[in-house]
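So the protein lines, in turn, are chains X and Z. At position 38 of the first sequence the residue is numbered 38 (the working numbering), and the sequence of numbers has no breaks. At position 375 of the second sequence the residue is numbered 375 (the working numbering), and the sequence of numbers has no breaks.
These aren't lab readings, by the way, just hints derived from the structure by calculation. All the given hints hold, so there is nothing to weed out.
Listed next, the stretches of chain X that the computed footprint assigns to chain Z, with coverage defined by at least 3 CB atoms under 8 Å from CB atoms of chain Z: (1) 5–18; (2) 47–61.
Mimicking DSS-like on lysine-lysine, the simulated pairs with C-alpha atoms at most 30 Å apart in a straight line are: (3) K270/Z / K183/Z; (4) K204/Z / K270/Z; (5) K4/X / K336/Z; (6) K378/Z / K336/Z; (7) K28/X / K126/Z; (8) K204/Z / K264/Z.
Even for Gly, the Cβ is constructed at its ideal location relative to N, Cα and C.
Below, each chain spelled out in residue letters.
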Amino acid sequence: MIEKTVLVVNAVGLHARPASLIAQTASKFSADVSLRHGTYEANGKSIMGLLGLAAGHGSEVLIRVSGSDEGEALAAIESLFESGFGEP
Amino acid sequence: MNPVGEKVAVRPRREPSAARPARARGPRDLRFQGIAVSPGIAIGRVFLLARGEAPIEARLLDPAAIPREVERFRAAVGAVRTELRSLRGAATRQVGEDLARILDTHVMLLQDEAVIAETIGRIQGKLMNAESAFHAVVEQAIETLLSRDDEYLRDRAGDLRDVRRRVLRRLLGGGPAPVTNLKPNSVVVAKDLSPSDTIGLPIKKVAALLSDAGGKTSHTAILARSLGIPAVVGLQGASDVLCDQELVVVDGVRGEVVCRPSAKTLKKYKLEERAYARRETALTSLSDQPAVTIDHHAFELTANVDLPGEVELAIAKGARGVGLYRTEFLFLAKGKPPSEEEQTHVYCSAAERMAPEKIIFRTLDLGADKVFPGDHQKEPNPFLGLRGVRYSLRDRALFRAQLRAILRASAGRNVKIMFPMVSGLEEVIEARTICREAQRELDELGVPYDERIELGIMVETPAAATLAETLAREVDFFSIGSNDLIQYVLAVDRGNERVAHLYEPLHPAILRTVFNVVDAAHKARIWVGVCGEMASDPLALLFLIGLGIDEISTTPFMIPQVKSVIRSVRFEDLRLLARALLKMPSSREVRDSMRAYVGRELPDLKIYL
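Work the whole structure out from these sequences, hints included.
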């Protein structure tokens, strides 16, 4: 199991579109992905779960991945956060 | 009583539901106050949009039936996907791509593999039928979103309910959403209108939209505005009281709905409906024109802005700046204070959009009816409690962060700061000191800001109005917050229906108080504006013009009307009128003599009365 804390940098935060991008990306891997924001935790492959993280701009989110392709999965999701999901 | 919560929905007595035939007898002119989100006047017949979900029958499956049940579920999801896609296509054509995007969450739910997998898991593992399995899975997601106390997520919960309803309808053997057999000129009434409901309506037959739930930010509000349909939301309980086919009047400018109108009310609104249509045509041509009287006295006409998105609306309506930018929304929407960076980002983009015109940021006006969800300390009398600048002076870290964010936005832009609920000199001095501290902190970081930024105060307590002469020496401008000022001076809570009739902007005490404030400002050579709804009352507006107030800030929708009044009067005449009014002993005399004056001198303005 590996984990990493990332920052939500896009202005609107983890809204519907970013949540959908994360879930799509996470679903490409066999590893289990979970995200944590404060006391909220969500399955990284569930759009609705990710929305429920209520992670606004500037929030810290902990990504946890475990499974055979965990390294690649974490890198892919991390880069989504870094790019601000392609949003301002 | 407070800007954000100022339209208090009054819940009328609820009639027992058994006594609700199609034409219920009951009192005439039953009025509801809601939140005006899309302007216009409409008179039409109620169409109650039934939104109840069909009861779900929970069945235990025969294990042999599992594959068929899974197949049935997948088919329903597929059908609704197609349905939503065509709805989204229609929406793009009707209202454009930007607004059509609001249906994306709907589509996303059905693409959420976790939701699909979990539903199928329940069908297979718990032998639940598809209806109850899907209902339960979506319910869980809805509850999670609702528990987050976030306006955006709350709206998304509404989206989920909407999609669920569509899927369940398919599962129960129904077709696509019934395209309602709407008659022309229908006033569509619902507990909660989902965006897809709104888009799915035959728009040409819809006279107005009403809903019990919702706020200014709801998508329905945004959609109604872009479709040009009058809409009032936040009408708690109205859908329980209104009956199908009943005649109602909708005033989307004031947020008022009159059910079972009397002949007199009906006549009044019929005139108003026609006048509104005429006016809209005439007013659209005004947006580029300056707000000057016939005898060339100019006024600064600016907008009150609640939400970041309203800056665009303000510009479209012809505002030359923002006279009141309410910052509460940013704090309340999230349920916790936004970070300094987040605030800077929002303030910068608003100021940038308004540049080179000014934008006045009012520091946090929390307290009273606007508190953080976690802050449950009940005050026995919140409107006389810890609110406005008092709140900010208690939570200095929060205050300083906000001031730094506004200062950052001021670099190279036309930004001003205003403090709410000031009741004495000490508060002004303290607030100013903290602002200087914030400036020094930015200096240390080398962050640029406007060093000559203007600091002003809201004049909304009787104390501040009485002390106007003293306070005018300490600040760069005044902005009269008429809503609170009137309530505090007259000791009337206008949300309380037993005394609301006593709320009177033309009360002699109000006229004299406002005069005192304007006079004190001008003697001290500072400018003074008004940012309450007083300017939306055409008679009160004439008085304010006559006082020579410098700036008038109003809700964006009212700007064209205020401008057209300004452009059709002579300042010199109104100055004399205002003087005469100040001597009058009662509001009745004030109103009567103003009506007579308008009838005699300004016949063009009679449509506003």
